[in-house]
Amino acid sequence: MISLSILEAGLVNGLLTGGVYALIALGLTLIYGVLHIVNFAHGSLLMVAMFGGWMLVEWAHLDPYAALPLMIVVMFAIGWGLYAGVIGRISGGDDRRILLATLGVAIVLDNLALVLFTGDTRTIETPYQFAVIEAGPLLLSVPKLISFGVAIVLALLLWAFMARTDMGRAIRAVAREPDGARLVGIRPGRIFALAYGIGIACLGAAACLLLPTFYVSPQVGNVFVLTAFTIVVLGGMGSFPGAVVGGLLIGVTESLGGLFLGESLGPIGISLVFILVLLFRPTGLFRAAR
Amino acid sequence: MTEPLLSVRGLHAGYGPFQVLHGIDLDVHPGEIVAVLGANGVGKTTLNRTLSGLLAPSAGTIRFDGADLTRADHAAIVRAGLIHVPEGRRVFPNLSVRDNLLLGAYARGRADRGATLERVLTIFPRLRERLAQHAGSMSGGEQQMLAIGRGLMGQPRLLILDEPSLGLSPRLTEDLFSLIATLHQDGLSILLVEQNVVQSLAIARRAFVIEHGHVALSAAAAQLTEDPRLRAAYLGL
Ligand SMILES: Nc1ncnc2c1ncn2[C@@H]1O[C@H](COP(=O)(O)OP(=O)(O)OP(=O)(O)O)[C@@H](O)[C@H]1O
Ligand SMILES: [Mg+2]
Numbered sequence: 001m002i003s004l005s006i007l008e009a010g011l012v013n014g015l016l017t018g019g020v021y022a023l024i025a026l027g028l029t030l031i032y033g034v035l036h037i038v039n040f041a042h043g044s045l046l047m048v049a050m051f052g053g054w055m056l057v058e059w060a061h062l063d064p065y066a067a068l069p070l071m072i073v074v075m076f077a078i079g080w081g082l083y084a085g086v087i088g089r090i091s092g093g094d095d096r097r098i099l100l101a102t103l104g105v106a107i108v109l110d111n112l113a114l115v116l117f118t119g120d121t122r123t124i125e126t127p128y129q130f131a132v133i134e135a136g137p138l139l140l141s142v143p144k145l146i147s148f149g150v151a152i153v154l155a156l157l158l159w160a161f162m163a164r165t166d167m168g169r170a171i172r173a174v175a176r177e178p179d180g181a182r183l184v185g186i187r188p189g190r191i192f193a194l195a196y197g198i199g200i201a202c203l204g205a206a207a208c209l210l211l212p213t214f215y216v217s218p219q220v221g222n223v224f225v226l227t228a229f230t231i232v233v234l235g236g237m238g239s240f241p242g243a244v245v246g247g248l249l250i251g252v253t254e255s256l257g258g259l260f261l262g263e264s265l266g267p268i269g270i271s272l273v274f275i276l277v278l279l280f281r282p283t284g285l286f287r288a289a290r
Numbered sequence: 001m002t003e004p005l006l007s008v009r010g011l012h013a014g015y016g017p018f019q020v021l022h023g024i025d026l027d028v029h030p031g032e033i034v035a036v037l038g039a040n041g042v043g044k045t046t047l048n049r050t051l052s053g054l055l056a057p058s059a060g061t062i063r064f065d066g067a068d069l070t071r072a073d074h075a076a077i078v079r080a081g082l083i084h085v086p087e088g089r090r091v092f093p094n095l096s097v098r099d100n101l102l103l104g105a106y107a108r109g110r111a112d113r114g115a116t117l118e119r120v121l122t123i124f125p126r127l128r129e130r131l132a133q134h135a136g137s138m139s140g141g142e143q144q145m146l147a148i149g150r151g152l153m154g155q156p157r158l159l160i161l162d163e164p165s166l167g168l169s170p171r172l173t174e175d176l177f178s179l180i181a182t183l184h185q186d187g188l189s190i191l192l193v194e195q196n197v198v199q200s201l202a203i204a205r206r207a208f209v210i211e212h213g214h215v216a217l218s219a220a221a222a223q224l225t226e227d228p229r230l231r232a233a234y235l236g237l
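Keeping their order, the protein sequence lines are chains A and B.
For the first sequence, the numbering used here begins at 1 and goes up steadily by one.
For the second sequence, the numbering used here begins at 1 and goes up steadily by one.
With the rest of the complex left out, here is chain A:
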């Protein structure tokens, strides 16, 4: 019998992990909401961001949390550049071609990483990577707590940006009514690049939050991207609250699944929750305000 405290620990642990999931899913759902395509390059760009963070830590001796704002900016620039220079250009705005372009970008990045870094798994060392604080009966991992807090703050900031700024309004406007948007002087091509950049910037943050507790390898994106896809569909494609709630829900499910079913069978829990949610709410938890 699993005791209550272990259950509590599993719950809290899952919630903390879910914060980063939410951040990765937010980027994916933002891009989906605006461009109406699944960004197949999401996992690969997360991997790029993690290697970027890893280099800043190993070579420039930055703390991963100090590298975080930098990686947000770098990944935004990479995302913007990829859309403006490659994806938007190749696709000419055609949804199917955008999809294929992101797939192409993923293949190139994955193989580039293999060439540059080989298939090795790398980790960083920080003084706090095994640090814990006691909260009643629970031992909470410090880097996970930080990652959860930062992820939630960033999610709120992104929400405020989308709700309260002209750029955010323009992104939402283009998502649904590009012709109407043109008539007020918005240039949809720029907005697409902006939205893609912001979606990828989320990965820059997620990467730095993951680094203290996770490894880096050219395949590392695959670990997260399937989970992120699941979260986006489960939360409601294009929905911000859906990505956050879905991220936390999947984090908890994964953690409890591992607890009850063991490491190898644990992921079944995610599939079960996924199927159950879609059975009762085929459009996901939140109907995206689209």
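Any given hint could turn out to be false.
Stated by the list, open to error - Label-pair restraints from in silico Cβ distances:
1) 164(A) with 174(B): 33 to 43 Å
2) 81(A) with 109(B): 40 to 50 Å
3) 95(A) with 128(B): 34 to 44 Å
4) 236(B) with 280(A): 55 to 65 Å
5) 104(A) with 73(B): 28 to 38 Å
6) 93(A) with 68(B): 24 to 34 Å
7) 68(B) with 187(A): 13 to 23 Å
8) 59(B) with 95(A): 30 to 40 Å
If you're looking for bench data, these hints aren't it; they were derived computationally from the structure.
Backbone N, C-alpha and C fix where the C-beta goes; we use that ideal spot for every residue, glycine too.
Guided by the hints, dock chain B with the ligands onto chain A, whose structure is given.
Relative to the frame of chain A, chain B with the ligands by itself:
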């Protein structure tokens, strides 16, 4: 007569090989309401889309307020004050009424946006009541008010209205026409595309009838209203 605000010469435009406009000539003078009439599918919307830069003309010139806007991009055209309230409204359904209106000033930026918003809400008290509501959940008439309000937020010098009465009840249509007359009295120049020929001619100064991609008739609105032969020949009335 004064220099025209909008001056269109020999405008050709269409969709790829399918040309719709074959040389449109048209002027709008400051402070005028000009009606553009014509059968369904004759190219009125195509003309509006070309004027506002959504569609590139294949030949001809568009001059607005002394500047050549023929090749200008849509954002520059909006900024110049040529603002198009499109057929079918095209409001942002997922945004609140307030956000829709604020985006109307996107090209101008935030300077004096609050004052403009206040003015628009005074014209449309109904929008003020619904500032927080999603535009997509409003009635067709309210959405039309919002579309016009969004256009006014850009501080137009010329407002193009493409079939604003489409789908409105007779009462709302009447309200709409008195609103257009009010905007005109406040000095706004308006290019009005309408199916409600009689009401449009009642408030317009001049009218253009488009046929086969050309301006078939350009006349004073009163003349078109009164001359039974013109009415029969061009408006089927
Ligand atoms: N996107 C498009 N691609 C191809 N052809 C188009 C497109 N839009 C309109 N057309 C065609 O161009 C012609 C003119 O259309 P337009 O919408 O300008 O007419 P309209 O005068 O505004 O008609 P209505 O009174 O019905 O609004 C029509 O034959 C129409 O089928
Ligand atoms: Mg039309």
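These are the hints, each one checked on the structure:
1. 164(A) with 174(B): 33 to 43 Å: holds (38 Å)
2. 81(A) with 109(B): 40 to 50 Å: violated (26 Å)
3. 95(A) with 128(B): 34 to 44 Å: holds (38 Å)
4. 236(B) with 280(A): 55 to 65 Å: holds (56 Å)
5. 104(A) with 73(B): 28 to 38 Å: holds (29 Å)
6. 93(A) with 68(B): 24 to 34 Å: holds (28 Å)
7. 68(B) with 187(A): 13 to 23 Å: holds (21 Å)
8. 59(B) with 95(A): 30 to 40 Å: holds (32 Å)
Checked against the numbered hints above, the structure violates only hint 2.
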